[in-house]
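Asker: Protein chains in written order, with numbering that gives the first Met the number 0: chain F, 0 to 130; chain S, 0 to 373.
Any given hint could turn out to be false.
What follows is a set of in silico ranges between Cβ atoms, one per label pair, in the way DEER data are often shown [to be verified]:
no.	chain 1	residue 1	chain 2	residue 2	range
1	F	His-129	S	Glu-344	56 to 62 Å
2	F	Asp-23	S	Asp-269	55 to 61 Å
3	F	Ala-33	S	Ala-40	54 to 60 Å
Everything labelled a hint here was simulated from the structure, so no lab data went into it. Note that this is a predicted model, so its numbers are computed, not measured. Glycine included, every Cβ here is placed at the ideal spot set by N, Cα and C.
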Amino acid sequence: MADELPGEEQSTALSRAYWRGLHDGRLVLQRCVACRGWQHYPRRICRVCWGSELEFAPVVGHGELVAAALSHRTPKPQLRDRMPMPLGLVRLDEGPVLLARIEPAVDSGASVAFAPEETLRSRLLTFGPHY
Amino acid sequence: MRITGVCELAPEQIAGCEEPLEAAALALVGAARDAGLSGPAAIDGLLVYDSITLPHLMAASKLAEYLGLRPAYASTVGAGGASPVFAVILAAGLVSLGAAQRVAVVHADLRGGAGQRQSVISRMASIVGHPQFEDPLGPTVASLYGLLADWLIREGGAGPKEFAEIAVSARMWAAHNQFAHRRDPLTERDVLDAPRIAGPLGRHDCCLITDMAAAVIVSGEPAGGGVRLLGTGGAVTHEEISQIDAADPLAGARAAAKGVYASTGLTAGDVDVAYLYDSFTVTVAMQLLAYGLDRGAGLAELLHVRGTRPGGGLPVNTHGGLLSAVTGGLSHLIEAVRQLRGQAEGRQLEGLECALVTGVGGVFSHHAAVILGA
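If we strip away everything but chain F, and leave its shape as in the complex, we get (with noise of 0.2 Å):
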């Protein structure tokens, strides 16, 4: 596809349903049917319960920003004209955990939401603050 996504090129018929959401401008993770419990990244069992029936459904994308760190280095060459990056831990209010690009950078403790414009225009996974 050529418009795959960074990351999205190592993708699984897994994770599928996440990169067709992200496109789509939706945060799309994994829940158990069992238990009712999300979890990101997907897998084929469910990490709290191991059930084994597990579907795909958007989440509403807000939660919040547990750790924050202006990043000044990066290993790859593409990403290097964009540095320094914040990058934050984003703990969604469904309670799965995300690595995220934050824009604009806030503090660590703040309501973050997903922000799909900017995830798409940025071609990265991003939140930025909620009000």
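Given the coordinates of chain F, work out where chain S should sit on it, guided by the hints.
Answerer: Just chain S now, with coordinates in the frame of chain F:
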């Protein structure tokens, strides 16, 4: 159960080696000699933490073959920075079973050469980040530990001055270690003013990337000069940072602490000297808290009042650690053995009864701990 022999190659000895395997072989032979052993028949178990720069599918078998060993058991150990301590625990298990009598634990790598450092940083980054969901953002390992440092600061556990003191303390100890790669004076101001790498972490908050080669021998024999393995602890909580318990990133280290104290019957207050894996200053800060070494008084009190520097109340990483001496967690074990044997020369501590030694792999993911006794 004892560590009966240790060897850390001097930088000039490693400089003569063109492959990590050569350095690994010299280190193993050195450790065996230190244990009073000689010849290939002396070692019947082998655990290798493989090179990153030139990995081998069966690194332990390769090293055994290179040295003419015919061990009953040989394997690589893959627990990242926890590998050396974890390998000693595994070795003790083999000896306890009677499966082997003398097990060598070996780690050698040539990471310090021109061009090697950047390639090691890239390779480490791609190993610890999920290829689809983390790696595309281009984090280094420092970026991920920078996030943990930010978390610790926001929780009130530490500030930039505490991180800086950990770096300064390591450098002050390194000044007394002739093998240390960085021995020039380092001040708090130097650490705080250095270029930032990620979040609160600057250049001096990150460990060195050097050549290294080290080995220890684990045996049940009461050989002279050996130090006793008093007990062990361990915990694996996740691998990638997005899988950490975001509500309690210290949980894994605290579990390892609980294990090592329970198995030895000792408490944090009994620890005379601590060898804490120091990939970054924040790695030490988090462990000082998780292992209870601050005695509940907080990091500021421990670092700025009791002190971890030479002359301080709780000496930490008396060789200079990964921050100032050399790459690789075996150096922590070896320094602990030197101190307990009374062979630490200009930095020898007095009245030592026990030393805590830890290893940390991944992004504060994999913890291994032992307490060694004189």
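Asker: Broken hints, numbered, in rising order?
Answerer: Hint check: nothing fails, all pass.
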